[in-house]
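Please construct the entire structure, taking both the sequences and the accompanying hints into account.
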Amino acid sequence: MKEQERPSWADWADRIRSLDDPAKAFEKPEALDDLVVLDLSSRSMAGCFCSSLLAESGAKTIRIEPPGGDLIRTYSPGGIKHQGTGLAYLQEGRNKFHITLNLETEEGREILKSLAGQADIVIETYPAGMMDEWGIGYKELSADNPRLIFASITAFGQFGPESVNRQYDYDNISQARSGIQYQTGEVLPEGSSCREKPYAVPTKSGPWMGWATSGTFAAVGILAALYHRDMTGEGQAIDVATPEAYERLNDYALHWYADQQVVNERFGSLDACLWLYGFYPTKDGGVFLGGLRLEMWQALVDMLGKWDEWGAGEWKSLAPFTQKDWQLKYQSMIDPLTSQYTSKELTDKSIEYSKSGRLAPITPVVAEIVSPWKTMHDENWLDRGMFTPVEDPVYGPVVCAQAHWKATETPPRTKWVCRPVGYDNGYIYLKYLGYGPAALKKLEAKGIV
Amino acid sequence: MSGAFQNYVKNKFKKPGPLKGIRVLEVCTLLFGPAGPSFLGQMGAEVIKVELPPLGDVTRSLNPFGWFYKEQGPAFMHINPNKLYLALDLHRDKGQQIFRELAAKSDIIEFNMRPGVPDRWNVGYEQIKEFNPGIIYIEKNGFGQWGEYAEENRPSNDGAAQALAGFAWISSFAGRPPLKQSIWVCDVFGALMGEVAVLSALHHRKRTGRGQYIEMSQIENIMRPMGWVWPYQQFAGKSAEPSGNRDQCICPADTFLCSDEKFVAIAAPAPEEFGGLCAAMKRPELREDPRFRDHSDRLREENALAILKIISDWAITKTAGEIESLGKEFGFAAVHLHNAQDMNEDPHRRARGFVKEIDDPMYGQYVDHEFPVMMSKTPPKTKWNVRPVGFDNDFIMAKILGKSQSEIDGLYRDGAIGKWKDQQGRRPPADWDQKSGLILRR
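If you read the protein sequences in the order shown, they are chains A and B. Residue 749 is where the first sequence ends in this note's numbering, and the numbering goes up by one at each step. Residue 504 is where the second sequence ends in this note's numbering, and the numbering goes up by one at each step.
Do not rely on the hints blindly, as some may be mistaken.
[Unchecked claim] Between beta-carbon pairs, the in silico distance windows are:
| # | chain 1 | residue 1 | chain 2 | residue 2 | range |
| --- | --- | --- | --- | --- | --- |
| 1 | A | HIS677 | B | LYS390 | 41 to 49 Å |
| 2 | B | ALA368 | A | ALA739 | 27 to 35 Å |
| 3 | B | PRO195 | A | GLY747 | 52 to 60 Å |
| 4 | A | LYS715 | B | GLN496 | 41 to 49 Å |
| 5 | B | GLU350 | A | VAL464 | 28 to 36 Å |
| 6 | A | LYS606 | B | ARG355 | 41 to 49 Å |
| 7 | A | GLY605 | B | GLN159 | 47 to 55 Å |
| 8 | A | LYS606 | B | LYS77 | 54 to 62 Å |
| 9 | B | GLU133 | A | LEU682 | 46 to 54 Å |
In short, the hints are calculated from the structure, not lab data. Here a beta-carbon is modelled for each residue, glycine too, at the ideal position from N, C-alpha and C.
Here it is, written out as structure tokens:
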């Protein structure tokens, strides 16, 4: 850590770090290590993300793929592979045992029933109805194991008029259906068309936020169902539709239209509810500027040398600034000012202002918009264990985002990043079904594993 | 699903939520903090939202372009359903004492203050743990509780998190400035992930009796779903870059402009999906084209651009609706971009009860989201909406803490508990009848 004056609460920081530093995660117990999870995800990273969250807390997670592996292993920028596996799966194969099983055969399905009879949780992402048709839906599996928690994550959910569609759940489709993509993106300037400006269109988030959100909601549902089971012994079925899960993150557009018939439209990198709040250009990139109190906005104006010219001393309320026309007016006035500085210069100015400015210690939030490269090499995040490489026996050192929350008692941890297709067949089939090498060989010959 | 969800919406209120019996204390403002306890409340936990009187949560003032619903901030309404509203002055000894009495009877405590503040108020983790060792205590903020940035006392929020995690960098079109999401994605997704931590800890407590302290930084948390970006940078030795609506890991998966000036999203990576799309385009030969046959080959930059150009040239000759229908017919995923009107009018959302009318004693009938996890034996539910600052004080003091009326009067007199200021968003709506929504009348 850099030399700096420590805050008045430094003793708290030291104490809590001594209790929850992820560097010590491996010395601690795991919250879910009494559970067995079967992950049958097909093509969908939502299911794998969900099972990752359970596996990071110690659940024994068995990933079941068709012989040859799930399509998900090919998801990778440019199609590149690291030792045969796509880079996306090198994140979400974490901590899982990998076996193969052909669910399109009767014998394969019987094997699945045996595994499910010994499992606590099943996660699946096949289009609604497929598991039932195969005779391995919730009804059949819960008949043998009423404690089973059976979670389905799909494009349409398990019921409702569209649930008959047999389309798989893809992230970009769910982002489009959620209503969020429609309202996100650059504003098309008056008089031009998106044919000339193909970037000024509804824009999805780069990361798979549809999948991540439904996977996380499913994990929350599974854990709540687990609490219910701990109290009553009763398992249940869980239904998550990815577009709904993602849409739940959208805070007022639904109600706004219902009440006012206003369709929430794109507003660039500003925010319809907030001021000061947006992205602004700098000489070398851009910064986020924020200040949800009048004084913070005034501090920015002062910092940019416009206190008198803009009459900031006379302002009494933030309310008019959140109106659309004022937001656009002031944005166009701020842009040329921030463009005169680098992101670092602006950040330093805000720190300086907090010490010696007219409104000090009040100062605006200035955050550089960094590349993920910069994020990954930032000492602060490295110190906090975010990018500690996982030393994988098969894949070597692999950088994963981990320690995304910290805890004193049962912190999450990543033990390995992935396994090759069918890598754990020997171990898992022996442990749960008593199949030795001879039995496995027969199943292999029949194309079942 | 073989009946597990038959008549689900109709029968939802015949069963409790999964977290029945759990009590949550929340001292949170804005979005990142309060969203998590709401999820627990929708799953049946009793959530007490503690605000500082008389102004309470600043989100009560937020509004898109001046629109309030019955004087209330619509984001506040969406973020805070199913809670009880207590206004407790935690700056005062007596207020802190009441908080500790409630903490002794609670399972989960959630804070989103600056580091060290709960400690200073004598309601920090270690202080609560002394008399409630099973407490699960989570603190949420921008930079965590320790480390260089945290110690610089940097303030943070959703926009800063999008900027600092590298999230915004990879969410625009190539060559364009980084783009902020229109939703508070780091706030609400971070809040959701916080409940994964809390509920995992609850299972651990069931097994061992031990509670714990959890810290959640929204900036760190949003790095987690960025997935492939990190090993890509490690192996390629350079930064991940944005690609607009094109999914860099799946091909084809992109958004296309249609003849009716609408947009359609298409995804067709699996062999039969890609074949279906080729057939729908009446270009079956593309399926066998060596550039496109295999998904990994199709993802190579020049091949991906080639196939996306072909699809784009085709899509512009069709309406979005036509392509959506072809997706169903030929077995690939396709949908027009839904907007707020679709969100309201789509029969599928309504049939699933995901978009529904709430019947609230204070705010009347209005449209809101249901909790997006349907659970066959313990259905979660959105039930009621927000209340004025300190609205449920008397109920909480009498029912949960067993205070007599004279004790409650004393607490008001001492300023330990308080009521709303006569101001927008803090007071009841103008058409309130002075009684609806009150649990214990005063």
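Against the structure, the hints:
Separated by about 46 Å at the C-beta atoms, HIS677(A) and LYS390(B) satisfy the suggested range of 41 to 49 Å. Roughly 47 Å separates the CB atoms of ALA368(B) and ALA739(A), a value that falls outside the hinted 27 to 35 Å. Under the hint 52 to 60 Å, the C-beta atoms of PRO195(B) and GLY747(A), about 54 Å apart, fit the expected range. Between LYS715(A) and GLN496(B) the C-beta distance comes to about 59 Å, which lies outside the given range of 41 to 49 Å.
In this structure the hint that GLU350(B) and VAL464(A) lie 28 to 36 Å apart at CB holds, the actual value being about 31 Å. Roughly 60 Å separates the CB atoms of LYS606(A) and ARG355(B), a value that falls outside the hinted 41 to 49 Å. Between GLY605(A) and GLN159(B), the C-beta spacing of about 49 Å keeps the proposed range 47 to 55 Å intact. Here the CB-CB span from LYS606(A) to LYS77(B) is close to 59 Å, well matched to the stated 54 to 62 Å.
Hint check: GLU133(B) to LEU682(A), Cβ distance near 47 Å, so the stated range 46 to 54 Å holds.
When each numbered hint is compared with the structure, violations occur for hints 2, 4 and 6.
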